[in-house]
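Chain E is fixed; fit chain D onto it per the hints.
Here is how the chains run, residue by residue.
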Amino acid sequence: MSDVTTFDLAEQSVRELNQHLHDVEGGSFRVTNPRGAHAVAAGIDADVAVEIDGSVGYYCAGMHQRGTVRIDGNASTGLAENMMSGTVRITGSATMSAGATGHGGLLVVEGNAGARCGISMKGIDIVVGGDVGHMSAFMAQAGTLVVLGDAADDLGDSIYEAEIYVRGSVASLGTDCVEKPVEAEHLAVLTDLLERSGLDADPADFRRYGSARELYNFHVDDIDAELADGGPDEVDAELADGGPDENGAA
Amino acid sequence: MCGIVGLFLKTERHRQELGRLTAMMLHEMRERGPDSAGFAVYDRPEGDATRITVLAEGTRPDWGAIRADLEPVLGAEVTVTPVHDHAVFSTSGDGALARQWMIDNVDDLAVLSHGSQIELYKSVGDPDLVAERYDLAGRSGTHAIAHTRMATESAITTNGSHPFVTGANTCLVHNGSLSNHNRLRRQLERAGESFQTENDSEVAAGYVAWRLAEGDTIDEALQRALVDLDGFYTFAIGIEDGFAILRDPIACKPAVVAETDDWVAMSSEFRAIAQLPGVDDAEVWEPKPAQIYTWSLSA
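Residue numbers (my numbering), protein chains in the order written: chain E, 275 to 524; chain D, 211 to 509.
Chain E with its partners taken away, still in its complex shape (with noise of 0.2 Å):
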């Protein structure tokens, strides 16, 4: 890393950094003076590596291919959304939806995590070095989410087939979230991401969750029960009632 070549946000606009960065096919850059600002390193595809220098905004690293992005403070909304390899890694912490969409490589976050981390997720790896927040891994299809902290409300709701590995307490799972054994082939898959994301734990101690498969399928035979429960009805005198503004949702 001997030749490192600084932008300074304070005097460059993010789009010249950007341009930058979607010009070169490989090198050293650090980036100072971000002071939340959006869309830092977004769409890199390079072998590039590039360190920041402070607490960002929205979308840094989004789109990411290849190459690294290490952030040095924390970020806002969409960190490394739709990423689709190499690596990002934030020392701070993330707010809402970080690695929302991606389809690959890796995202670690050695704080904590917002609402909705890894939601949609479709083949990232997230490794959160402390808590989640509520949603996190929502409709998650595939790729891993491993949180060392706390998980909030409503974990892995209508969750396909990505995994979810928790070492402290989940405050409840959404739907068709559950359960599931470890075996030895996810404390492989564990102890592979815990090495490369740098963080101290021991595989032994997660839990986890993943898909019942429940909601895959359209299952005949609840019409049937909602018929005998009452059927069109009961729907009919719910809207008289005062229908969907009463109700939220009829």
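I should point out that these hints are in silico values taken from the structure, not numbers from a laboratory.
A portion of the hints provided could be inaccurate.
Computed, partial: chain E to chain D, Cβ under 8 Å [as the list claims (entries may be wrong)]:
hint: 1; residue: G310
hint: 2; residue: S350
hint: 3; residue: T369
hint: 4; residue: H408
When the alpha-carbon atoms are kept at most 16 Å apart in a straight line, the in silico EDC-like pairs for lysine to aspartate or glutamate are as follows [what the hints assert, rightly or not]:
hint: 5; chain 1: D; residue 1: K498; chain 2: D; residue 2: D458
hint: 6; chain 1: D; residue 1: K498; chain 2: E; residue 2: D450
hint: 7; chain 1: D; residue 1: K220; chain 2: D; residue 2: D471
hint: 8; chain 1: E; residue 1: K454; chain 2: E; residue 2: E488
hint: 9; chain 1: D; residue 1: K220; chain 2: D; residue 2: D472
hint: 10; chain 1: D; residue 1: K498; chain 2: E; residue 2: D424
Treat the numbers as computed from the prediction; the structure is a model and nothing was measured.
Positions of the beta carbon are idealized from the N, C-alpha and C atoms, including for glycine.
Coordinates of chain D only, in the frame set by chain E:
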């Protein structure tokens, strides 16, 4: 969208700069709300005079004549300080009576705030220009909340701008949208609250005002708001000696808090906080959904 900021100074250190720092924060939230802006500044003047901030949009009232009519009603001296289309009336007489008298007797006047510590200014237009017009940067005090508006639920008007008053020395700013505001407005009108706009945030303010008038503490009022308000919100509520924040249970709307030994700052985005003095040593965190946070000088 909308942007909100709040700055609460725990120590004397930056109180002369309260307005300048708040204006700096507001500037960073311009892109979140370019339609209109407003701010409430709290200070601790000598004595216990009530200040009433009023707005006469598009009219040019004879402030001196209003003052002359008001004095005999109160049996006390009244001073008036015009600030562009706003004016601040100050009296050591009965502040509640003065406020009601102005509502009942002066046409085309909006009473924006009342209390011993608060002054409140708002207008349509670029947030930087609004801050400049009412000299936000030149103001000192203990705490301030401010708002930049991107209108979604109702028209871009000064009366639809934030903050909205919720009682003596209290006001509210909102980022989000409420889905049950029409029904709630009708209920609150039956309970005696009055509204000037079709704005959803004014209903949230009216709701909090109603609960405070019923004797709730700010904590109790916000606990009930969690049950009765449906929609998306991050609120910052200025109170006599500090401020409170609350996010809805889904927490779609952003909020970040930073705290040092000297100050607590909250904003929609970190960039509003990024240039405050001593920010590098601040503890920075995200408020949890459905949790009430308050900071006050008395705590």
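Need the list of violated hint numbers for this structure, in ascending order. Of the numbered hints given earlier, the structure breaks just one, which is hint 6.
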